[in-house]
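Under the UniProt record's numbering, residues 1 to 239 are what the sequence shown spells out, in order.
Read the hints as simulated data drawn from the structure, not as lab findings. Certain hints may be false.
The list that follows gives simulated cross-link-like pairs (lysine-lysine, DSS-like), each with its CA atoms no further than 25 Å apart [to be verified]:
(1) Lys193 - Lys68
(2) Lys211 - Lys189
(3) Lys219 - Lys193
(4) Lys161 - Lys134
(5) Lys198 - Lys134
(6) Lys193 - Lys161
(7) Lys134 - Lys193
(8) Lys211 - Lys198
(9) Lys161 - Lys189
(10) Lys219 - Lys161
(11) Lys134 - Lys219
(12) Lys211 - Lys68
(13) Lys198 - Lys123
(14) Lys198 - Lys68
Cβ-Cβ distance ranges computed for the label pairs, FRET-style [to be verified]:
(15) Leu231 - Lys161: 20 to 28 Å
(16) Leu159 - Asp59: 39 to 47 Å
(17) Leu40 - Leu159: 21 to 29 Å
(18) Glu237 - Asp205: 41 to 49 Å
(19) Lys189 - Glu237: 33 to 41 Å
(20) Ala220 - Asn132: 40 to 48 Å
Think of the CB as a built atom: it goes at the ideal place given N, C-alpha and C, for glycine as much as any other residue.
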Amino acid sequence: MDCKNSKLPSSFDAMLTQLPNACYRSDTPNFFQWEGIWLLPEFIQGALAFRSHFESHDDDVILASTMKSGTTWLKALCSCIMQNGRSDDEEDILINTNPMPASRPWRLKSMPRTLIRTSQNSKCKIVYITRNFKDAFVSFWHLNNSTIGKFTESGPLPLEKEFQYFCDGVTLFGPFYDHVLDYWAESLKMPHKILFMKYDELNRDPKGQVKRLASFLGKAFSIDQEADNVLWRCSLERL
Numbered sequence: 001m002d003c004k005n006s007k008l009p010s011s012f013d014a015m016l017t018q019l020p021n022a023c024y025r026s027d028t029p030n031f032f033q034w035e036g037i038w039l040l041p042e043f044i045q046g047a048l049a050f051r052s053h054f055e056s057h058d059d060d061v062i063l064a065s066t067m068k069s070g071t072t073w074l075k076a077l078c079s080c081i082m083q084n085g086r087s088d089d090e091e092d093i094l095i096n097t098n099p100m101p102a103s104r105p106w107r108l109k110s111m112p113r114t115l116i117r118t119s120q121n122s123k124c125k126i127v128y129i130t131r132n133f134k135d136a137f138v139s140f141w142h143l144n145n146s147t148i149g150k151f152t153e154s155g156p157l158p159l160e161k162e163f164q165y166f167c168d169g170v171t172l173f174g175p176f177y178d179h180v181l182d183y184w185a186e187s188l189k190m191p192h193k194i195l196f197m198k199y200d201e202l203n204r205d206p207k208g209q210v211k212r213l214a215s216f217l218g219k220a221f222s223i224d225q226e227a228d229n230v231l232w233r234c235s236l237e238r239l
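Sequences are here, hints too, so could you generate the full structure?
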């Protein structure tokens, strides 16, 4: 395995040689399995730094997800709810509030064992969102083919080949089902700390799911209009 071009510290390079590896859209190993998920070397380095230095605050909200599962929409909803963006005026709190108050929405793809380890000493909340695997897979395939040359060496990959990688679990932040099931299991153990959401349910019943999210964050709506205002501010057409 040749990692000379990665410009990573030699100690990190040595660690990579001890990890399971795979060739994803490449003729040489470029994916490594670290703490149960497949990552690029630079992502592992970032995850190690995060685990070593990140200190969660009690009022933090950490967003976790599988790839292409609606995280951008969820982040907008959480930010708006946390900043009480429910007034009837036209000023958009997502655009004009700067700097943001102390509570911070963090967006991560980590497995629960890593995330919980870094947040176990605080009262922060974790919101996890996933999506129907077929929709997530197709969206991820399109994304990968649009970033050719950035993370992989090869050209566009046929759907069938990408699907085989997906089923084998060798995909960024995969295996998909391990990621989902681990968070589901942890949410059952700690419902006060982890909220498990589904993009499909959020899309089908946005008001009901936003009310559920607001209650979990300790920002329950007193009237329906508050939920309507959040949904308007964070509508997909406005993001």
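Against the structure, the hints:
Our distance criterion of 25 Å between C-alpha atoms is met by Lys193 and Lys68, whose separation comes to about 23 Å. Restraint check for Lys211 and Lys189: satisfied, since their Cα atoms lie roughly 22 Å apart, inside the 25 Å limit. A hinted pair counts as satisfied when its Cα atoms are at most 25 Å apart, and Lys219 with Lys193 qualifies at roughly 15 Å. Restraint check: the Cα-Cα separation between Lys161 and Lys134 comes to about 15 Å, which is no more than 25 Å; the hinted pair holds.
Straight-line distance between C-alpha atoms of Lys198 and Lys134 comes to about 13 Å, which keeps the hinted pair within the 25 Å bound. Simply put, Lys193 and Lys161 have alpha-carbon atoms about 38 Å apart, too far for the 25 Å limit, and the pair is violated. The straight-line distance between the Cα atoms of Lys134 and Lys193 is roughly 28 Å, outside the 25 Å bound, and the hint therefore fails. A distance of roughly 14 Å separates the Cα atoms of Lys211 and Lys198; the hinted pair therefore holds under the 25 Å criterion.
At roughly 37 Å between alpha-carbon atoms, Lys161 and Lys189 are farther apart than 25 Å, so this suggested pair is violated. Distance restraint check for Lys219 and Lys161: the Cα-Cα separation of roughly 45 Å exceeds the 25 Å cut-off, and the hinted pair is therefore not satisfied. At most 25 Å may separate the alpha-carbon atoms for a hinted pair to count; Lys134 and Lys219 exceed this at roughly 33 Å. Between the alpha carbons of Lys211 and Lys68 the distance comes to roughly 23 Å, so the proposed pair stays at or under 25 Å and holds.
For the suggested pair Lys198 and Lys123, the alpha carbons sit about 23 Å apart, so the restraint of at most 25 Å is met. Of the pairs offered as hints, the one joining Lys198 and Lys68 holds, with about 12 Å between alpha carbons and a cut-off of 25 Å not exceeded. Between Leu231 and Lys161 the beta carbon distance is about 39 Å. The supplied range of 20 to 28 Å is therefore violated. Look at Leu159 against Asp59: about 43 Å separates their beta carbons, and that is inside 39 to 47 Å.
Judged by the Cβ atoms, the range 21 to 29 Å given for Leu40 and Leu159 holds: they are separated by roughly 22 Å. As the Cβ distance of Glu237 to Asp205 is approximately 18 Å, the hint placing it in 41 to 49 Å is violated. Range check, Lys189 to Glu237: about 37 Å between beta-carbon atoms, so the 33 to 41 Å window is met. Hint check: Ala220 to Asn132, Cβ distance near 28 Å, so the stated range 40 to 48 Å is violated.
In this structure, the earlier hints numbered 6, 7, 9, 10, 11, 15, 18 and 20 are contradicted, and the remaining ones agree with it.
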